[in-house]
Every structure is written in structure tokens, then in C-alpha cells.
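> Sequence:
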Amino acid sequence: RKKVAERVARAGGNSTAATAPMAAPLPSSDRTQLLLRLTNAVTSERHVPDLLATISRLLREAIPHHYASLSIWDEAEQGLRRWAAVQPGGGPLLPEGVLLDRNEPPWIAYESGDVIQITAKSLAELKTAATVPLVARGLRSGVCLPLKTPRGKYGVLNVGSPESDAFSFTEIMLLWQIARQLALALE
Numbered sequence: 001r002k003k004v005a006e007r008v009a010r011a012g013g014n015s016t017a018a019t020a021p022m023a024a025p026l027p028s029s030d031r032t033q034l035l036l037r038l039t040n041a042v043t044s045e046r047h048v049p050d051l052l053a054t055i056s057r058l059l060r061e062a063i064p065h066h067y068a069s070l071s072i073w074d075e076a077e078q079g080l081r082r083w084a085a086v087q088p089g090g091g092p093l094l095p096e097g098v099l100l101d102r103n104e105p106p107w108i109a110y111e112s113g114d115v116i117q118i119t120a121k122s123l124a125e126l127k128t129a130a131t132v133p134l135v136a137r138g139l140r141s142g143v144c145l146p147l148k149t150p151r152g153k154y155g156v157l158n159v160g161s162p163e164s165d166a167f168s169f170t171e172i173m174l175l176w177q178i179a180r181q182l183a184l185a186l187e
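Per the numbering used here, the very first residue in the sequence shown carries number 1; after that it's consecutive.
All clues given are correct.
Mimicking SDA-like on lysine to any residue, the simulated pairs with C-alpha atoms at most 25 Å apart in a straight line are:
1. Lys148 with Val98
2. Lys153 with Thr39
3. Lys121 with Arg137
4. Lys127 with Asn103
5. Lys148 with Ser44
DEER-style ranges, computed between Cβ atoms:
6. Pro95 with Lys153: 21 to 29 Å
7. Pro95 with Arg31: 32 to 40 Å
8. Ala136 with Leu36: 35 to 43 Å
9. Glu125 with Val48: 29 to 37 Å
10. Ala124 with Pro64: 16 to 24 Å
In short, the hints are calculated from the structure, not lab data.
Quantities reported herein were computed from a predicted structural model and do not represent experimental measurements.
Don't be surprised by glycine CBs; every beta carbon is placed ideally from N, CA and C.
My request is simple: use the sequences and hints to build the entire structure.
Laid out in C-alpha cells, this is it:
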């Protein structure tokens with residue numbers, strides 16, 4: 001945990017990252033309950049789109065968000081593909097299976113192995129096929145968490161919100177624990 005905390009803090013110097021204000025942490029019993037329910041979902045659901053939808057639904061109880069996706073490594077194409085997106089309404093859905101541009105935030109998280117927090121300012125500056133429609137539909141902040149284990153890297157969990165600086169350090173640490181469980185499931 002300390003290493004992740006240091007990486008999140010270090011990422012604050014990156015142009016696409018910033019530190020969010022601290023929010024009141026979830027009570028320990030609520031956090032434990034949420035993690036148990038998420039662990040059950042990860043171990044029992046093998047269909048990735050259904051798994052992400054379940055994780056997103058459970059997360060909403062603790063971390064308000066309106067966008068979640070998985071960017072999964074495609075070995076043959078040597079790139080990240082967006083899969084299993086939970087998206088806000090009000091526009092065309094982002095297509096699944098599309099290779100992401102290398103300058104998109106999930107790539108930064110994947111290549112660095114660090115958690116990347118995205119600000120409204122950096123989202124407004126990014127003009128990629130994925131960020132433009134999400135910003136138009138209200139996305140104002142996000143976090144990208146690498147899906148990795150000691151044996152390899154598998155992709156990135158992406159969570160976004162219509163609130164600027166929506167994710168506190170405590171929430172990012174909870175998302176990091178979830179990303180670790182997802183990485184094990186994908187492995």
C-alpha cells in the first residue's frame with residue numbers, strides 16, 4: 001500500500017494527474033463488506049462485461065462514478081483495447097474492442113505501472129477518440145489503475161466521474177485493491 005500511495009503522490013507532478021481532496025474514509029466495517037462482495041463477484045463472474053457491471057454497481061455504494069471500463073492488453077496487436085464499458089447515457093456508446101491511442105490516460109497507467117488520477121483540465125486538453133465523447137457527456141475527472149500481478153500486466157481499470165477531483169486518496173486505495181483482484185481474475 002505504501003508503494004502505491006507514493007506512486008499516486010508522485011503522479012501528482014504529471015500533467016495528466018493531480019491529487020484529489022481527502023474525503024471521509026468508509027467505515028472499516030463498510031469497506032470490509034464491500035471488499036467481500038467484490039471478491040465474491042470477481043471469483044464467481046467470468047464474463048468480463050457482466051463482471052465490470054457488477055463491480056460498477058457495487059462501487060457506486062461507496063464511490064460515486066458514472067463511467068467505468070477495462071482496457072485489456074492485446075498481445076497480438078501490442079496495444080490496449082477498451083472492453084466492458086459502463087457508460088453514461090446521452091450519446092452514442094463508445095465502441096468496445098477498439099485499440100486505444102497511446103496518449104490516452106490508460107496507456108500512461110499501463111506503461112508506468114502507476115495509478116493515474118486525471119483532472120478536468122487534462123481531460124479538456126486531451127483530444128482523443130475516447131476522451132472527447134466522454135468529456136462531452138460530462139466526464140470531469142477519473143482514475144486509471146493498472147491491472148498487474150508479480151507475473152505480468154493485463155490492462156487498466158478506468159473509473160470516471162462528472163465531478164471535478166472526485167476521487168479521494170482513500171477511494172483510490174480502495175479502487176487499487178479492486179484492481180489487484182481484477183488482475184488476479186484475468187490472470
